[in-house]
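Protein chains in written order, with my numbering: chain A, 3 to 327; chain B, 3 to 327; chain C, 3 to 327; chain D, 3 to 327.
All clues stand as given, with none of them false.
You can't tell identical chains apart in this list, so a pair holds if it fits in one copy or across any two.
Once the Cα atoms are required to be at most 20 Å apart in a straight line, the calculated DMTMM-like pairs of lysine to aspartate or glutamate come out as: (1) Lys279 with Glu235; (2) Lys279 with Glu224; (3) Lys279 with Glu311.
The hints are simulated quantities; they were obtained by calculation from the structure and are not laboratory data.
All values derive from a computational prediction rather than experimental measurement.
There are 4 protein chains.
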Amino acid sequence: MTSAADTQAPHHPGPLGETVVYAYLGPEGTFTEAALLSIPGAQDAVRLPAPSVNSALEMVRSGRATAAVVPIENSVEGGVSATLDALSAGPPLRILREVLVPITFVLAVRPGLALADIRTVSTHTHAWAQCREWAAANIPEAEYLPAASTAAAAVELSEAEPSFDAAICAPLVARRLGLDVLAEDIGDVRDAVTRFVMISLPGLLPEPTGSDKTTLVIPLPEDHPGALMEILEQFSSRGVNLSRIESRPTGMFLGDYFFSIDADGHVADARMADTLKGLHRISPDLRFLGSYPRADHRETEISRHTSDEAFRAADIWLESLLNGY
Amino acid sequence: MTSAADTQAPHHPGPLGETVVYAYLGPEGTFTEAALLSIPGAQDAVRLPAPSVNSALEMVRSGRATAAVVPIENSVEGGVSATLDALSAGPPLRILREVLVPITFVLAVRPGLALADIRTVSTHTHAWAQCREWAAANIPEAEYLPAASTAAAAVELSEAEPSFDAAICAPLVARRLGLDVLAEDIGDVRDAVTRFVMISLPGLLPEPTGSDKTTLVIPLPEDHPGALMEILEQFSSRGVNLSRIESRPTGMFLGDYFFSIDADGHVADARMADTLKGLHRISPDLRFLGSYPRADHRETEISRHTSDEAFRAADIWLESLLNGY
Amino acid sequence: MTSAADTQAPHHPGPLGETVVYAYLGPEGTFTEAALLSIPGAQDAVRLPAPSVNSALEMVRSGRATAAVVPIENSVEGGVSATLDALSAGPPLRILREVLVPITFVLAVRPGLALADIRTVSTHTHAWAQCREWAAANIPEAEYLPAASTAAAAVELSEAEPSFDAAICAPLVARRLGLDVLAEDIGDVRDAVTRFVMISLPGLLPEPTGSDKTTLVIPLPEDHPGALMEILEQFSSRGVNLSRIESRPTGMFLGDYFFSIDADGHVADARMADTLKGLHRISPDLRFLGSYPRADHRETEISRHTSDEAFRAADIWLESLLNGY
Amino acid sequence: MTSAADTQAPHHPGPLGETVVYAYLGPEGTFTEAALLSIPGAQDAVRLPAPSVNSALEMVRSGRATAAVVPIENSVEGGVSATLDALSAGPPLRILREVLVPITFVLAVRPGLALADIRTVSTHTHAWAQCREWAAANIPEAEYLPAASTAAAAVELSEAEPSFDAAICAPLVARRLGLDVLAEDIGDVRDAVTRFVMISLPGLLPEPTGSDKTTLVIPLPEDHPGALMEILEQFSSRGVNLSRIESRPTGMFLGDYFFSIDADGHVADARMADTLKGLHRISPDLRFLGSYPRADHRETEISRHTSDEAFRAADIWLESLLNGY
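This is chain A alone, in the form it adopts within the complex:
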């Protein structure tokens, strides 16, 4: 494997002065932008909000953006299914990095307004669903008005003559727009976290770190009681753990599925490479969406029997057999 460090890679933006352009699921001020801003160098890059996951990915495929940041799990503002489906079809793309963003909502108002004055509140419908308990207890009389995103609500609030009194949004956008925060961390679920990924065209792979994740899209080769087992056996028989699995309809016809899977480890690890080869044999249309560092830095546990050394020793042994020893 050629190392990403050997040359100028999209995930090492701009060392030679080129302009790095990031697309992301917009608008500005959402949790997705927060995810993007946590990536080193993103502060100095061009950042283009896209109206949908598909359009963000399209900007990457067409070369207008170096990479895109989109949600892939648990998103407040949707897009997860779109991301899973978009990565499973069309020209291949690669995940270079994952980013975890804590989801904390604030209640923001124009400077000077008090809690008791709030008669209307706006935010994305999903954010509203997640703050309903707090709202019922604290602003029970407030009417809800939908917004296209949490950020859109905040932006409208900061403009002349907003049509509502308060916005539920991310701390980032409230601060940036100079809004007053009347209450923090008002989501009903504490410690909620959303996972985002940075996506690019295929190219050099991020180097293995010992704490990596590999994302795959695997069409179910046949639909019978053991078919999923055959796929999962490829992982378990090499000691590879899964951290996410979702069946998704292919969209072709009912009963036709693919699996979106995250597995612990890097394709440069012998056991993961062997797993991928096993998967390719039973489902040759699988897609490798990338091997990249885990955001939580949890080290991959490796059993003695599935270490790179065990694979190397087995290769050497077999070679000797074939040579007559």
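Fit chains B, C and D to the supplied structure of chain A, relying on the hints for placement.
Leaving out everything else, chains B, C and D in the frame of chain A:
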């Protein structure tokens, strides 16, 4: 098993004149209401739109509603994660029925307006994402305004002084509100279908039909490479096919999962009953969310080795051994 | 299960004065007789040597013997294949007990003869093969004459005008016949042990002791790469360990197999009963050859998920589901 | 893999005039010699009967014999356990060929004797066990005298003053010694076949033929309910079928096993090579005993997913991923 036909069951609404009350993820006129209306008897029942999946389910738990209809897969207007998570915690609930609704969007306007006149269009953000190709081709200049739901956009359009010119919504609500439909089936994905479920308190189970589905929530007992295999082996070793699997974080801490699973067959089938007992042994906190008829009426395939007869024969054989024959 | 202690059982020979008759693979004085004599009560029973395993078992089937003792593993004097095959066909029989006998050979001569005087030595061909190293070192010039069994050699030696000078046999028979033992423990393998079983007609099962073994004959239902796995999965998915497995041709045609298997545990254990039922479904012609105490008293290890309590809890849970809770 | 055809191999005996020496489990005239004689070229080679399997193999290990022929399954005259155990320990050996020999017994007498004259009959105890039904029906009065082998009985009969009247032996030896055959095919089991193997020092492998067998000795890495499954999964997950499996105690201590396994296919097949590497990782002390043509010429069935092409395609795909495509 006592049959549902023996007595007055919640999924046989109102035979003795009692008032049947259905909650559903509102507002009126969404695809969820369309799902509800397709259920026999729902036309004559009280139908209460709920602002969120959780509140719809809460109405069932508290007895204010006989049953609730909520999305469980592929929803245009969200709610799927909320449904999966709500069913996995709190007092137990049961799925009594599934409903498939084709997702077709129309462009609706107030009577008299032409396509060329549209400068602003409103709908739910997810519906907008699914109609962007059509919009780019046909109303490229139109500005987008978010709505809380597809139906909310249609409703506002039907009221005095709407703040936009057109709504993207379900055919049902456009017809009901007397709006003009300028274009039909404008979604970018043809043949999209969303799955909804009707949920009630535990009680009599729907009778097996030979084309049934069983839905389970199974906490991962331990997190190691073979743990998911151990769970799936319980199904495959009894010839039970899965039609959906999703890992979901428990919300407790990272790396702690449960699986939301749909399996072919009914708990009254011997092989499914045996599978559930096997699952209970390895993950005693699993939840049975119900056995109910498949909406697509596809018959469950049963191998010779996993038929009710094979189970009965094995029981008799073992009994004879224990009695010394 | 009715307990064996409730009534007069064949493996509790003779409490009411009836005559207990044991058949065994003869002749007298072999390791098989040693195995039989180690069984409580056998000293006082009628003991009939049989010329072959089949004839010993036939004596049980016809009622002429209460039980038979035959080798089932590692036998010096053969019979193991015959035992495995005989148990797999014909009217059903049951193993009630296993016996481990240490295999130690002695060199026996008529009183007065010295090592240097030995010119010819006789024993069973298998015993000769196991003592060849000792013979090469200690009686290198001695010529070998075959005998039908180790005991037969000893018996001939004790009679008038034997045709050889020394016999290699079990300590038991040398002592009984009053022969001189010139060398003890002359086998090339130290600590060799042979396993014998006591076989009876089907009847009351020995009671579970917590250290039991279950023996099965399982025809391979179909011959494909996963067929054996499907069988073994029935054990492993219930946490049942195997202590012996042998494939044996059925004798019908090439490529047609049955498996002779010993598994840890008793059919009265829930996990073993469930395993047997699973096996019956995939291979309905399997034979249960008995559950009986292990000769080595090693306790069966039981995981939390496969305890009788876990099975009972799963049964109760399922029952409650079917009753609508 | 270097082809056996490239050079002078032990299993292509003697092309350059060297003397080929075969050891075999003797004595002369047994079924083992019949197996040896069926090997091309063996008629012209030196053939040395060995008194035991161990000594035959020792002749190969020490270089005194080019190869040895010994029974490995279902032998009339024993040796099978000795062969399995001898191959599992000591300096490595290789199976180059298997031979199937039909087991048919004849009743041989000195010329002129009639059936009614037979008062004593001799043969190996196992052969006697296999002909007892015929003997009971046809020579019920005849007394049995054991012999070291079927051939030894025939040889003694052909010599001056034999101590018995008839021998039960192989047709080969009766014919060779000029004995009269009074009855043919007198074994109780029709169509019995014994399998023998030709064993040599490690060296060039027999070339794959499309109908091959691979023999392995695999120590059980750990003793728990799933350990054997982990081993067998290596075969089944690559579509490799087993045709024989036997657990054998290692001789070290009770509960410590190895498995003797025959699998369909050749180590030069990608799926078998991959299986062996997988086995090496979980049980690094396994022994490869050879890949060699099946005696029954039954072609190995290969699924699409486990063909050499599928393996090659997977290798190429993985290589492209690692190179950034």
